[in-house]
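Going down the list, the sequences are from chains V and H. Numbered per my numbering, the first sequence spans residues 5 to 169. Numbered per my numbering, the second sequence spans residues 499 to 694.
Calculated from the structure, these hints are not laboratory results. Since we're looking at a predicted model, the values are computed, not measured. There is no bait here: all hints are sound.
Straight-line C-alpha distance at most 20 Å; calculated SDA-like pairs for lysine to any residue:
no. : chain 1 : residue 1 : chain 2 : residue 2
1   : H       : Lys-631   : H       : Arg-519
2   : V       : Lys-163   : H       : Asn-599
3   : V       : Lys-164   : H       : Asn-599
4   : V       : Lys-86    : V       : Glu-24
5   : V       : Lys-164   : H       : Met-558
6   : V       : Lys-56    : H       : Ile-546
Under 7 Å between C-beta atoms, here's a sample of chain V residues computed to sit facing chain H:
no. : residue
7   : Gly-15
8   : Gly-31
9   : Ser-32
10  : Cys-33
11  : Asp-67
12  : Ile-103
13  : Phe-104
14  : Ala-105
15  : His-106
16  : Gly-144
17  : Leu-162
Cβ-to-Cβ under 7 Å is the rule here; a few derived chain H residues that face chain V:
no. : residue
18  : Leu-548
19  : Val-636
20  : Gly-638
21  : Tyr-639
22  : Ala-640
23  : Thr-646
24  : Ala-650
25  : Ser-653
26  : Asp-654
Where is the CB? At the ideal position from N, CA and C, for every residue including glycine.
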Amino acid sequence: MNRVIEIKMGGLEIITDETEELKTFVGSCVAICLFDFVSKVAGMAHVMLPKKSDGTKFAGKNDVGKYADEALSYMVNDMVKKGADPKRIKAKMAGGATIFAHESETSLFNVGPRNIAFLKQILQENNIPLVSEDTGENFGRWVRFNLQSGEMLVTSNLKKFEKII
Amino acid sequence: MSTSCNDLQKLNSVLDSFIVRKTIPSLSSILEEPITHFLRNTQEIPIINLDLIISDLEEMNVMSAVYVKCAGDIHMGMLLYLPEKESKTLAAKLLGKPISNELTGIATSSISEIGNILTASLINAISIDTGYKICSSVPGYAVEFFRTLVEAVVSDFGNESDTLVVSNIELCGVNSGMDIHMLLIQDPSEVKKLVI
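From just these sequences and the hints, can you work out the full model?
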């Protein structure tokens, strides 16, 4: 039985032990997972927002995964320190739903799609291939990453589905 | 934590007075019955520990929910939610006809409208007391588990602090027993604006 490390809102964890799994729950937030399957190093961040609006840097508390730009940069650096080869790092992600619907034409409540778009942009800028994703729609997802298999298990209690990406 | 217990207690009392003065009469008028209320608590919670406000009961039930964001002199998010089954009763009461299957179209609009009215009643009370100019967004509607709703609201609220001030309110129809919950969220830096 693997030890499961649960990542809270805005949190981030790195694992190097194949008996550990990373797990989080996302609605409009995004679970972004980076992994080097050869070195067996993986990280998952629970990204809430694309980036800080005031441009200031992370203050060094518990929410290093909160902003997409900071989370990705922190994750890559920490993974490399723990033995990952930057050229082998790949990404998987899930979440970024639009939970609240409204009858207006405005772009209200679209933080999910904005998170996805921004993450894709910075993955591309950092030459990290996004190998699979389960994003968008309008429901929350439990996301679990298994370092041994490199699989991401995505489940929805509302839609009653379970898929491996 | 940046908000003192004293300020949280004061905020609790201030919100309670706004709810008694404006929100309860509004809901009572819509539902045509007396309303009791219970402002459970106002607490400052680290975003990373938001699980603390998700009770087992709320985790098990699918909720109908409305989210309204207020901006202007004060920034506040309001999530109104009730179990999906009860929301059908509420929509039926508002529309004057039974809701057969899923909540769609005009039925969801009617629930959104309740969220709109209750938010408006609260910001009206705040404005009268403080003179603040506050605008509310169009209401967003969702049917999901409470965990998803809270996650989406906190994410959308775009709070840049590590913590949120959360007030938990329960409104109950005396005759129908209908239980409507409201969650008010604010950045800790906003608290002082209401507890002067």
